[in-house]
Amino acid sequence: MSVEILARIQFAFTISFHYIYPPLSIGLGLALVVMEGMYLKTKNPIFQQMTKFWVRVFALMFALGVATGIVMEFEFGTNWATYSRYVGDVFGSALAAEGIFAFFLESGFLAVLVFGWNKVSPKMHFFSTVMVSLGSMLSAVWIVVANSWQQTPAGFHIVGEGLNARAEITDFWRMVFNPSSVDRLSHVLTGAFLSGAFFILSVSAFYLLKKKHSEFALKSFKVGIAIALFASLLQLVTGHSSAVGVSKNQPAKLAAYEAHFDSSKSADLYLFGWVNEKEQNVNFGIAVPKFLSYLVHGDFNAPVKGLNAFRKTDIPPVNFVFQTYHLMVAIGFTLIALSLIGIFYLWKGTLSEKRWLLKLFVLSVLLPQAANQLGWFSAEVGRQPWIVQGWLRTSEALSKAVEANQIIFSLILFTLIYLLLFVLFIFLLNEKIQHGPMEADLVPSEYEKQKMNFQNN
Amino acid sequence: MDFNFDLNSLWFILIGVLLTGYAILDGFDLGVGSLHLFMKGDLNRRILINSIGPVWDGNEVWLVTGGGALFAAFPHVYATVFSGFYTAFMILLFVLIFRAVAIEFRSKQPMQWWRTAWDTAFSVSSILIALLMGIAIGNIITGIPVGADKEFTGTFLAMINPFTLLVGITTVSLFMMHGSIYLIMKTEGEVQAIVKKWTNNAVIFFVICYVSTTMATLIYFPEMVQPFKAHPWLFLLAVLNMLAVANIPREIYHGREFKAFLSSCASIAALLSLFAIGLYPNLVKSTTESAYNLTIYNAASSQQTLNIMMIIALIGVPFVLTYTVSIYWIFRGKVKIDAMSY
Numbered sequence: 004m005s006v007e008i009l010a011r012i013q014f015a016f017t018i019s020f021h022y023i024y025p026p027l028s029i030g031l032g033l034a035l036v037v038m039e040g041m042y043l044k045t046k047n048p049i050f051q052q053m054t055k056f057w058v059r060v061f062a063l064m065f066a067l068g069v070a071t072g073i074v075m076e077f078e079f080g081t082n083w084a085t086y087s088r089y090v091g092d093v094f095g096s097a098l099a100a101e102g103i104f105a106f107f108l109e110s111g112f113l114a115v116l117v118f119g120w121n122k123v124s125p126k127m128h129f130f131s132t133v134m135v136s137l138g139s140m141l142s143a144v145w146i147v148v149a150n151s152w153q154q155t156p157a158g159f160h161i162v163g164e165g166l167n168a169r170a171e172i173t174d175f176w177r178m179v180f181n182p183s184s185v186d187r188l189s190h191v192l193t194g195a196f197l198s199g200a201f202f203i204l205s206v207s208a209f210y211l212l213k214k215k216h217s218e219f220a221l222k223s224f225k226v227g228i229a230i231a232l233f234a235s236l237l238q239l240v241t242g243h244s245s246a247v248g249v250s251k252n253q254p255a256k257l258a259a260y261e262a263h264f265d266s267s268k269s270a271d272l273y274l275f276g277w278v279n280e281k282e283q284n285v286n287f288g289i290a291v292p293k294f295l296s297y298l299v300h301g302d303f304n305a306p307v308k309g310l311n312a313f314r315k316t317d318i319p320p321v322n323f324v325f326q327t328y329h330l331m332v333a334i335g336f337t338l339i340a341l342s343l344i345g346i347f348y349l350w351k352g353t354l355s356e357k358r359w360l361l362k363l364f365v366l367s368v369l370l371p372q373a374a375n376q377l378g379w380f381s382a383e384v385g386r387q388p389w390i391v392q393g394w395l396r397t398s399e400a401l402s403k404a405v406e407a408n409q410i411i412f413s414l415i416l417f418t419l420i421y422l423l424l425f426v427l428f429i430f431l432l433n434e435k436i437q438h439g440p441m442e443a444d445l446v447p448s449e450y451e452k453q454k455m456n457f458q459n460n
Numbered sequence: 007m008d009f010n011f012d013l014n015s016l017w018f019i020l021i022g023v024l025l026t027g028y029a030i031l032d033g034f035d036l037g038v039g040s041l042h043l044f045m046k047g048d049l050n051r052r053i054l055i056n057s058i059g060p061v062w063d064g065n066e067v068w069l070v071t072g073g074g075a076l077f078a079a080f081p082h083v084y085a086t087v088f089s090g091f092y093t094a095f096m097i098l099l100f101v102l103i104f105r106a107v108a109i110e111f112r113s114k115q116p117m118q119w120w121r122t123a124w125d126t127a128f129s130v131s132s133i134l135i136a137l138l139m140g141i142a143i144g145n146i147i148t149g150i151p152v153g154a155d156k157e158f159t160g161t162f163l164a165m166i167n168p169f170t171l172l173v174g175i176t177t178v179s180l181f182m183m184h185g186s187i188y189l190i191m192k193t194e195g196e197v198q199a200i201v202k203k204w205t206n207n208a209v210i211f212f213v214i215c216y217v218s219t220t221m222a223t224l225i226y227f228p229e230m231v232q233p234f235k236a237h238p239w240l241f242l243l244a245v246l247n248m249l250a251v252a253n254i255p256r257e258i259y260h261g262r263e264f265k266a267f268l269s270s271c272a273s274i275a276a277l278l279s280l281f282a283i284g285l286y287p288n289l290v291k292s293t294t295e296s297a298y299n300l301t302i303y304n305a306a307s308s309q310q311t312l313n314i315m316m317i318i319a320l321i322g323v324p325f326v327l328t329y330t331v332s333i334y335w336i337f338r339g340k341v342k343i344d345a346m347s348y
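Same order as they appear, the protein sequences are chains A and B. Following this note's numbering, the numbering of the first sequence begins with 4 at its first residue and continues without gaps. Following this note's numbering, the numbering of the second sequence begins with 7 at its first residue and continues without gaps.
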């Protein structure tokens, strides 16, 4: 296999594995803010127990996110050195900003969140929880800005020619707020909220099903379902606005999303189908006729730029992008439905009796995970053959000093190590869930006890 | 070469500061890890891990941010070194992963074999990280084969030679000394008595390594000393370094643990300053042809980028220092094991 294919497989594999964890920590972080906020407001010890239980799970996910995240920063240099030279000004700046503004904040306050219960006041502890949550979102900001610049580069100019060409910043804010940054960031963050929310729903539904820790589970379920409903509906808005953005800025990608080949025609919106790239049609497909034209142009008969308008060497693999994109959309709608059904039975007060629904919720944790992965697959593969849309091809971005056998060596090791990590992660997570919340966590922290003694005396 | 007061030089200093911050902070927790297997007994080992428990992760962020800053300010160095040292960096990544998860996983199961396995992973990976970083510094001193196109042309095995290994072992010894002093601050009673013995040995181990490396550098890489010949006052740094090391046993003898730790920090800062002065204005020296050296000028981003990043750094660094100081303040004092501990 060529260096290019191997480097792409390695990047895809390591980023996909990494991306299991950050969305969970972002989503769970938000839920922790809600739970601990409720504790401060109501002083009901069950909220402290909830916070402490989910913090333990959070810490496990966070550790795996950190361990697999450092790989990503190194890989730009190790496998994509030509890319790094080309975009160091832009992409490197975003990564450095992520370190300074997000990682220090997150890791610093994480110490207080996990180990600081008896060291600081409850208010200070809550402040730390908010800062950890903020830090996790800020790191999403900078990394999505960097990635969005690859999709819709702006605020730069090219200096030098051929091998010496480099992108240099001309306008920092135009680079940060490039045409797709805001749409994609909101879409990514909302996806992360969903993955945290459905994780909580899954574990809570499991306890309800087993009739264990009922009060704990029901309260956790409420926090989860509130975030899930809010985020799944919001995802409709951010998803739509992202798709409109793609139609403006990356027409080849949009055409691949919907397998639209003929530029002279109006475009249909598919629900599903199987693309035959040779014959340029969609088999077994069901579509809303002309609806894509309406969504993009507000006119059912307006033509939409199709794949035929591009050179064969400038378009992504159509069926892969089509499938991943449509699966993501389908999951998005499923999550809305699940959230609504959950809220309905919660409101009726019969949630604990609906065993079929609880079973569905136990499995539901996989859905946002899958949607997040599929969404990134369609976004990143849809950008191909470009690594920086319109400016630098993926095939030209590799490290010149690295040979195929070196990547095979690292790829095999990554596979083995990540498999081991994943098995251990599932094993430890299962132990924590089986163990459940601790009775001791209902007792106020040492800090609060001392304060109470002080007031009583 | 004389110092030019410009953006490129400021970035040279700033990345130096970030990596020095990393060496001082992650240095002690790598040191604790390197010594970990010498400690016997599960409870004692837990005390060691929990002494770095709340802070090791934040310490590693200095490396991540240093890497990001290098990427932004000197992309050619980032690209050449990371792709050229491919295999070394991959091994470094694997041990970084193992170390992070070992700390997190160890306490999650009570079985003896489970804990021993993660203790070993934690300790071996800590030693390997220090060793690999030292070897990398050694290679920066010796220079590496870099062509006119700024690409590395050497091999992985050529990077390991007696000199670079010596620098690697010196780094391990430095972190062991630093980590053992940190442990004196964080422990009490029986554990502290054991750790104090380690410190004596570690100081001796470090001094032997340091003197050997200095001699080898003077003999084989005299160009590192050139700036000190041109500006004799810089020699004060070398004196300061020796004084700082000599001060460590004295402070420990008088029971002033924190001052001993500060001395150790000062010696790390002085060592890295000596290294940086010897290197300036180069970042990577080419053994192929000195015209191909990557310097702070031919490997840098545009002036505008350096400018923007300087503003970002000026805004961000005060925050970073505030968090760091606050966290260390909150978790000051001796380690206490509780329900949330590792």
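Keep in mind that the hints were calculated from the coordinates and are not lab data. Incorrect hints may appear among the rest.
Example chain B residues on the side facing chain A (calculated, C-beta under 8 Å, incomplete) [claimed, not checked]:
1. V61
2. Y84
3. T93
4. M96
5. L102
6. E157
7. I200
8. Q310
9. L320
10. G322
The calculated label-pair distances, taken between Cβ atoms and stated as ranges, are [claimed, not checked]:
11. A:L432 to B:P255: 28 to 34 Å
12. B:L43 to A:K351: 57 to 63 Å
13. A:I429 to B:D48: 40 to 46 Å
Quick reminder that beta carbons are idealized off the backbone N, C-alpha and C, glycines included.
Hints versus structure:
1. V61: Since chain A brings a Cβ to about 6 Å from V61 (chain B), closer than 8 Å, the hint holds.
2. Y84: holds (5 Å)
3. T93: T93 (chain B) check passes; min Cβ-Cβ to chain A is 6 Å, inside 8 Å.
4. M96: Where the cut-off is 8 Å and the nearest Cβ of chain A is about 4 Å from M96 (chain B), the hint holds.
5. L102: holds (6 Å)
6. E157: Holds - the Cβ of E157 (chain B) comes within 8 Å of chain A, reaching about 5 Å at its closest.
7. I200: violated (24 Å)
8. Q310: holds (6 Å)
9. L320: violated (10 Å)
10. G322: holds (3 Å)
11. A:L432 to B:P255: 28 to 34 Å: violated (47 Å)
12. B:L43 to A:K351: 57 to 63 Å: For K351 (chain A) against L43 (chain B), whose Cβ atoms are near 59 Å apart, the range 57 to 63 Å holds.
13. A:I429 to B:D48: 40 to 46 Å: For D48 (chain B) against I429 (chain A), whose Cβ atoms are near 25 Å apart, the range 40 to 46 Å is violated.
Against the hints set out earlier in the document, violations occur for numbers 7, 9, 11 and 13.
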